[in-house]
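*Asks:* Sequence:
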Amino acid sequence: MKLQVELVRLATRPVDMRIGVDGLSLLVQQVLGCPPCDGTAYVFSNRRRTRLKLVYWNGNGVWLCLRRLHRGQFVWPQADDATWQMSGEQWQWLIAGVDWQRMAAPAPGHWQL
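Residues 313 to 425 (our numbering) make up the sequence shown, in order.
Derived by calculation from the structure, the hints in this document are not laboratory data. Among the hints, erroneous ones may be present.
Claimed, not checked - Derived DEER-like restraints, expressed as beta-carbon distance ranges:
# : residue 1 : residue 2 : range
1 : V374      : A394      : 19 to 27 Å
2 : R383      : Q341      : 32 to 40 Å
3 : G384      : Q342      : 25 to 33 Å
4 : Q341      : W396      : 14 to 22 Å
5 : R383      : C349      : 34 to 42 Å
6 : R383      : Q342      : 30 to 38 Å
7 : D411      : Q341      : 28 to 36 Å
Backbone N, C-alpha and C define an ideal beta-carbon position, used for all residues, glycine too.
Taking the hints into account, I'd like the entire structure generated from these sequences.
*Replies:* Following this line, the structure appears as structure tokens:
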């Protein structure tokens, strides 16, 4: 089954992966300042960036998904904001463990054939 979401927001600060759906929803409200049931998927990472948790409220209930990498780390934004918004394509690269920030990087201006 593939979870289709319109908007994905990454929480830039790491969280304790023992936190469940209620605790993550509370973080969305109190730390990120967003309503957890606004149709946005909120994604949290552990400190080592080897695990992700996604919380997504839809009209029928809530999804809580976990993704773990066995090797390597997820590429996470270094932002001053509490959250980072990303496109669906960037999300697919992120969960695959690929550096999604480089997928759309412009070629260096000094590069020539």
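*Asks:* With reference to the structure, classify each hint as holding or not holding.
*Replies:* Consistency of the hints with the structure:
Between V374 and A394 the CB atoms are about 21 Å apart, so this pair conforms to the stated range of 19 to 27 Å. The supplied range of 32 to 40 Å is met by R383 and Q341, whose beta-carbon atoms lie about 34 Å from each other. A hinted range of 25 to 33 Å for the beta carbons of G384 and Q342 is consistent with their spacing of about 31 Å. Between Q341 and W396, the C-beta spacing of about 18 Å keeps the proposed range 14 to 22 Å intact.
In this structure the hint that R383 and C349 lie 34 to 42 Å apart at CB holds, the actual value being about 35 Å. Between R383 and Q342 the CB atoms are about 34 Å apart, so this pair conforms to the stated range of 30 to 38 Å. At roughly 31 Å, the beta-carbon separation of D411 and Q341 lies within the given 28 to 36 Å, and the hint holds.
The structure shown violates none of the earlier numbered hints.
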